[in-house]
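Asks: Please put together the full structure from these sequences, using the hints given.
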Amino acid sequence: MTAPTAVLQLQDISRHRAGHPAVERLSLALESGQVLGLLGINGAGKSTTLSMIAGALNPDSGRITLNGEDFLERPGLARQVIGWLPERAPLWPELTVSEHLMAHGRLRGLASAALRQACDDTLERLDLTSLRRRLAGVLSQGQRQRLGLACALLHKPKLLVLDEPANALDPVQVSALRTLIREVADEGTAVILSTHLLAEVTAVCDRVAILHEGVLHYDAAIAGTDHQALERIFFDIALRGGAGTQAA
Amino acid sequence: MSIFAVTRLELRRLFVRPLAWVLAALTLAELAWRFVLLLGVFLANQVKLGATPSGPGYTDLVAVPMLSSLLTGGLIPFGLLEMALVIVPLLTMASIAGERTQGTMPLLLGTGLSATQIVLGKYLALLLWLLAWLVLAIAMPLSLAHGIQLDAGKLAAAALGSLLALAALAAVGVACSAFASHPAIAAAASLMIGLALTCINSGAQMAGVNSGAINWLALGTHLETLLRGLVYTGDLLWFVLVVIFALALAARRLAADKERG
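First to last, the protein sequences are chains A and B. Letter by letter, the first sequence follows residues 1 to 248 of the working numbering. Letter by letter, the second sequence follows residues 249 to 509 of the working numbering.
Incorrect hints may have been included.
[Stated by the list, open to error] Some chain B residues close to chain A (C-beta under 8 Å, calculated; not the full set):
no.: 1; residue: A253
no.: 2; residue: R348
no.: 3; residue: L355
no.: 4; residue: K506
These are calculated hints, taken from the structure and not from any lab test. Beta carbons: idealized from backbone N, C-alpha and C, even for Gly.
Replies: Quick look at the structure:
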């Protein structure tokens, strides 16, 4: 039996903003097919962590390993390995839905025939086929979020990084998103998603990591932990800074 | 390949935004009017010019002045290059600053592309637009080439000079866009630097100084020789240095975004 591969490994990464620590000595590992929920209140350092994982921000110190390779030395790894949906799904408003996907595919190095096929498949998977000719600037927030997710999934990444993916989605879309995340994970993609909603984590994640003021206070599997216990831990960390709670 | 993916994306965005089309339409209309005026002046003086065997011809009086009024002493001002001082900043202002204000820069940085690749990709797209603009402007005097004696070598040198000047202004524009927080600030800074590069030696020239570092720094010094049909390696080098320096600054600033957040 082979040991599961760590797709992502963070070793003591730190990042400061305006002299204050946004993320402090964070260490995590994520295996293929695993869904990790990064939980924390606003300003906990979730988006900064995800930006560093996605390669849009460099850590001040520490090491990020992707598929066993040093990501900081080889930032080009992000092209094939990572799919990223940043917070609020930034898009180019003058481009259509399908132009977005084509542009993302080319930026990720997909060849034209494969790219067209991948675009069609992704549009269908995200229920965006009917919107393919619509300008991104006129999409609703939920549609924007789905397009952002489509761009992140287009090249079948090994690691999917989702920053508040359920933002602005209605309950039906949230349910579809959860199903999609589970499907992607079942295909072997490691998923890390940030949220400040505990229900989001318990519904879709295998593991939860709780961040507060940039410090990892709790990291454990969801299975076997009941929702109320987890809620108590979360509130304890958020309100009292997690005194007495440790990363598992 | 990644550079071309950025170029393709940037070109697509340029072509679907009205700004590039409006600028192209308005400036080409002005250049067409300029062409008619220059041609009128040339035709009015044709008999007088014909009496001077080594006098200026169609290339000196119509084709090259279409590109710049530098050699005609301001007679019918605002050739393509004078307009470029305003047009290029408007085109380049959003190239990087626009991504920042729209929040889309992380999308590019998150694709694993280096800052240099992003800057070069965007710069190439702008350069292609400017090249098309230049070709359309030159097509006007060339349209009469079959019935008129055209100095092809002189026009080619002038076209090369114009392309290099556009390339230098575009690189300055991209650099300003990389440093500015807002596209309008980038446009203003790029316009000021373009004007400074053009007029930096005006005082020295008024004082009768035609050599020295101040003249070497000026864009006009190097452009003028090319517009006269003379191609010197030193002049080409000046444009190449400006482009490399400006793009290196832009890439450095963009890379710092990843560090500074």
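Asks: Which hint numbers does the structure go against, in order from smallest to largest?
Replies: 2
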